[in-house]
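**Q** Chain order of the listed sequences is A and B. Numbers 48 to 493, taken from my numbering, label the letters of the first sequence in order. Numbers 48 to 493, taken from my numbering, label the letters of the second sequence in order.
Hints are not guaranteed to be accurate.
Chain copies aren't distinguished; within one or between two, either way the pair holds.
[Unchecked claim] Quick list of in silico lysine-lysine cross-link-like pairs, DSS-like style, CA-CA up to 30 Å:
#: 1; residue 1: K432; residue 2: K59
#: 2; residue 1: K150; residue 2: K210
#: 3; residue 1: K52; residue 2: K408
#: 4; residue 1: K401; residue 2: K52
#: 5; residue 1: K408; residue 2: K470
#: 6; residue 1: K52; residue 2: K206
None of these hints come from the bench; they were simulated from the model. Fair warning: this is a prediction, and the values are worked out from it, not measured in the lab.
Number of protein chains: 2
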Amino acid sequence: MTHIKFDTSKLKPFVHENELAEMQALVTACDQELRAGTGAGHDFRGFLDLPQNYDQTEFARIKTAAQKIQNDSEVFIGIGIGGSYLGARAAIDFLSSTFYNVKNERDVPEVYFCGNSISPNYLADLLAVIGDRDFSINVISKSGTTTEPSIAFRILKAKLIEKYGEEAAKGRIYATTDRAKGALKSEADAEDYAEFVVPDDLGGRFSVLSAVGLLPIAVAGIDLDQLMAGAAAARSDYQDSDLEQNEAYQYAALRNILYRKGYTTELLENYEPNLQYFGEWWKQLAGESEGKDQKGIFPASANFSTDLHSLGQYIQEGRRNLMETVLIIDQPRYDLEIPRTADNLDGLQYLEGKSMDYVNKKAYEGVVLAHTDGGVPVMSVHLPKQDAYTLGYTIYFFEIAIAISGYLNGINPFNQPGVEAYKQNMFALLGRPGYEELGHELNQRL
Amino acid sequence: MTHIKFDTSKLKPFVHENELAEMQALVTACDQELRAGTGAGHDFRGFLDLPQNYDQTEFARIKTAAQKIQNDSEVFIGIGIGGSYLGARAAIDFLSSTFYNVKNERDVPEVYFCGNSISPNYLADLLAVIGDRDFSINVISKSGTTTEPSIAFRILKAKLIEKYGEEAAKGRIYATTDRAKGALKSEADAEDYAEFVVPDDLGGRFSVLSAVGLLPIAVAGIDLDQLMAGAAAARSDYQDSDLEQNEAYQYAALRNILYRKGYTTELLENYEPNLQYFGEWWKQLAGESEGKDQKGIFPASANFSTDLHSLGQYIQEGRRNLMETVLIIDQPRYDLEIPRTADNLDGLQYLEGKSMDYVNKKAYEGVVLAHTDGGVPVMSVHLPKQDAYTLGYTIYFFEIAIAISGYLNGINPFNQPGVEAYKQNMFALLGRPGYEELGHELNQRL
């Protein structure tokens, strides 16, 4: 099997040849923190061995559940926020038709996500899409008390009960939650929902290869074995702490080198719209892992060539604090030939008979050189194919790279203390019992 | 009619009371540059009076064309990149069901955009979505030689001809292009396509209220009169250069004040998924207008509360160079009540019977206070409703604010010289005649 290739050949104007090797001692120290568990947040390193050590019995149950859903549902709804939906969404988008809910090439249920906002518009529109069709839901929440998914779950559960009755509704609710405790766990036990586990040693942003991501991904008809095999191959390939051998560690070290030089915003870019949500997944992985203690690379994303006509101007000539990491798919799922025309009014004659992918790749090469000349360091990650194996591999590449990158920046890459701040305020403003004092204080300030 | 409201009440810790007034002389100078046409890029100020001075005859023709398309097409494809699609996409998303291509509440054609990338996957998937259904296309390009839309146009035109024959195909091609010259203009004249005009005095990112945006928007069943009326109201409301009177100018001045203090990245945020593409439209408007001469605010966007579980950690506790502008819809199209349950396992009992929108607004308030406390300046733009009038108003607000903002930063807000760089490289690498020397040079560097 081929693996992804990390290309740093265009960094020469920005990083001297000696610099990477001079990071080795720091990288080795971070590798030790990560592997030996001596670093901060060590309880959440489950992603490291997950592709090898996952629960085979549950894995089989996920596939069986997905088959049942494919057989009895026209619509499948994943309910979750942050890591409880972004990974699955990214995977399904990457591996499916761009318009899979409109025209489905695999003849599986339409897949939607909710509980990732508090928008009544969105949920009302989703209820209309479900209509009177058969549907099932997968509520994904470790605690079962996160506001966004809990509200969506109440509303969708009510719709299930209305349609199928109390008992039959239970057979259409799949709960992915804590192994032992919490509100959703209690409810799932009491109501006899099918249950899957959010492992204790995985933060949400590292959980896509657990049941959290796998059940929605399987419902969409994607080959879980290939996904896990790719991740397992990456795990094997990225075990060496030697920077010369380990491209994930190279990525971690180089973005850290660039950050220290003032390149404080990183754009993850693609040339395939199917990768848009991979960018969103990466933004959570990178931003939530590294953005703390008043430091960290700010993660942004762009979809090319679309955004070359949007952010392109800024990237080429704006403030020089940007770096870019490009995801490029060497072999896309489809290709199309540029048709001939009788005239040459549009000036495209020189491209006739060439493939769109060829043109797309030349655009990529042209952009890399233009941005390099404009003062933006560009790194590239080549994905050989648009398949589940490659996706699993790529997920692992970024997970381990971001973990090392966080340690290199001297922070705990596995916590997210800042996410609590808005929740506390929201609870207080909503009048949740126990928050009266804070509520009073905040209301004064509004 | 109500108008949007710009809320700066939470800026106190970041901007002293005297600062805004002290910007008045600069703002007045920029207002003069813009209104009198003494500033750089003055040939592209057409957006200023467009809501009042648009071509009424063409406006009527757009509506008629939209009706014809609604009657004879199940699918409508807009072909364009950058400003030739983002505005229309943003408008349709804002004013339609979240899943309008899956379940269409207005019984109008499905609407897709292409020619905004060179991805063969995307185009192949789109061809499959069209299938053997009736469709029409609107190719939008001032020159008719931009690579991305030109390729897509060739491929879709071939499909039209295959399905309908040469003659009938012509009746399904709508060309929005230059008034007098260019490849697409020549072809449209020769082939007798229905033609609409990209005005000479509008850059792509300021063109949504011209035929560029209006035809796709009308096909989607949106009320163009209301859209233009809203923009016209904003034009009237934002004519005064006095900062105390002009909220659009306040926004321009305040983001300039904050930029100079080191808040160099601005996040445009929303609490309604229907606004996601408004953020993309804004990113082009702001980034392409201001990102030049090695300066300018870097525009990013976030969709809350989703991204509170993604970028939220970074915003709360990462590097302190962020400012936020929040779009908040005071009265959403729908609301839903949070259902009661027998138990209170999820701890949501205190919200039972409350509306989702109420909770959404409290989340917004809680976030504003949390981020303020975290050191992030937050401004808010209140949109009274989710309707065409409000959208037109809001579009104008941002257009004029960004124009003034660009002048305040001492640059030409209406050009985009950096967008050419990648195109030149791409042409050279593709072997386009006339680019041989550059091609040779670039190939050496790859």
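**Q** So which hints don't hold here, by number, going up?
**A** 6
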